[in-house]
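Colleague: Sequence:
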Amino acid sequence: MSKKKEKPIDLKNLEPEEKLKYEVAEELGLLDKVLSQGWKSLTSKETGRIGGLVTKKKKQEP
Numbered sequence: 831m832s833k834k835k836e837k838p839i840d841l842k843n844l845e846p847e848e849k850l851k852y853e854v855a856e857e858l859g860l861l862d863k864v865l866s867q868g869w870k871s872l873t874s875k876e877t878g879r880i881g882g883l884v885t886k887k888k889k890q891e892p
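Position 46 of the sequence shown, counted from 1, bears residue number 876 in the working numbering, the numbering being contiguous throughout.
The hints are simulated quantities; they were obtained by calculation from the structure and are not laboratory data. You may find that some hints are simply not true.
Keeping only pairs whose Cα atoms sit at most 20 Å apart, straight-line, the calculated DMTMM-like set for lysine to aspartate or glutamate is [claimed, not checked]:
#1 LYS888 with GLU857
#2 LYS887 with GLU857
#3 LYS888 with ASP862
#4 LYS886 with GLU856
#5 LYS889 with ASP840
#6 LYS875 with ASP862
#7 LYS875 with GLU845
#8 LYS889 with GLU857
#9 LYS863 with GLU853
#10 LYS889 with GLU848
#11 LYS863 with GLU876
#12 LYS849 with ASP862
#13 LYS886 with ASP840
#14 LYS870 with GLU891
#15 LYS875 with GLU891
#16 LYS842 with GLU856
#17 LYS887 with GLU876
#18 LYS863 with GLU891
#19 LYS849 with GLU891
#20 LYS863 with GLU848
#21 LYS886 with GLU847
#22 LYS889 with ASP862
#23 LYS842 with GLU853
#24 LYS870 with ASP840
#25 LYS870 with GLU857
#26 LYS888 with GLU853
#27 LYS875 with ASP840
#28 LYS870 with GLU856
#29 LYS886 with GLU845
#30 LYS842 with GLU876
#31 LYS888 with GLU856
#32 LYS889 with GLU853
What you are looking at is a predicted structure, and each value in this text was computed from that prediction instead of being measured.
Taking the hints into account, I'd like the entire structure generated from these sequences.
Modeller: Dropping the structure here:
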């Protein structure tokens, strides 16, 4: 069975929620890792930090 080829990510055409996730990853210095190796390459600590900051930013929005 062959592996799925992942499509390159177009950061300009993302849903607002996805865009926020990528913005937080960039703030934490993890964007390059995500773009080159995918979300599965992150540790649970890294993904938890991203999730926490995304939640925090969502609560701050009016």
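Colleague: Compare the structure with each hint and give your call.
Modeller: Against the structure, the hints:
1. LYS888 with GLU857: Satisfied, since the Cα-Cα distance of roughly 16 Å is no more than 20 Å.
2. LYS887 with GLU857: Roughly 13 Å separates the two Cα atoms, so the pair holds.
3. LYS888 with ASP862: 23 Å, violated
4. LYS886 with GLU856: The hint holds at about 16 Å.
5. LYS889 with ASP840: 26 Å, violated
6. LYS875 with ASP862: It holds: about 17 Å lies between the C-alpha atoms, which stays within 20 Å.
7. LYS875 with GLU845: The given pair, whose Cα atoms are some 24 Å apart, is violated under the 20 Å limit.
8. LYS889 with GLU857: Holds. LYS889 to GLU857 sits at ~18 Å (cutoff 20 Å).
9. LYS863 with GLU853: 13 Å, holds
10. LYS889 with GLU848: Answer holds: LYS889 to GLU848 is near 16 Å, not above 20 Å.
11. LYS863 with GLU876: Holds, at roughly 11 Å.
12. LYS849 with ASP862: This hinted pair holds, its Cα atoms lying about 15 Å apart.
13. LYS886 with ASP840: Distance of about 25 Å is beyond 20 Å: violated.
14. LYS870 with GLU891: 28 Å, violated
15. LYS875 with GLU891: 25 Å, violated
16. LYS842 with GLU856: Answer holds: LYS842 to GLU856 is near 14 Å, not above 20 Å.
17. LYS887 with GLU876: Roughly 17 Å separates the two Cα atoms, so the pair holds.
18. LYS863 with GLU891: 28 Å, violated
19. LYS849 with GLU891: 15 Å, holds
20. LYS863 with GLU848: 16 Å, holds
21. LYS886 with GLU847: Holds, at about 13 Å.
22. LYS889 with ASP862: 26 Å, violated
23. LYS842 with GLU853: 12 Å, holds
24. LYS870 with ASP840: 18 Å, holds
25. LYS870 with GLU857: Between LYS870 and GLU857 the Cα gap is close to 18 Å, so the pair holds against 20 Å.
26. LYS888 with GLU853: 13 Å, holds
27. LYS875 with ASP840: 26 Å, violated
28. LYS870 with GLU856: The hint holds at about 16 Å.
29. LYS886 with GLU845: 18 Å, holds
30. LYS842 with GLU876: Violated - the C-alpha atoms of GLU876 and LYS842 are around 23 Å apart, more than 20 Å.
31. LYS888 with GLU856: 17 Å, holds
32. LYS889 with GLU853: With a Cα-Cα distance of about 16 Å, the restraint between LYS889 and GLU853 holds, given a limit of 20 Å.
In summary, the structure is inconsistent with hints 3, 5, 7, 13, 14, 15, 18, 22, 27 and 30 from the numbered list given earlier, while agreeing with the others.
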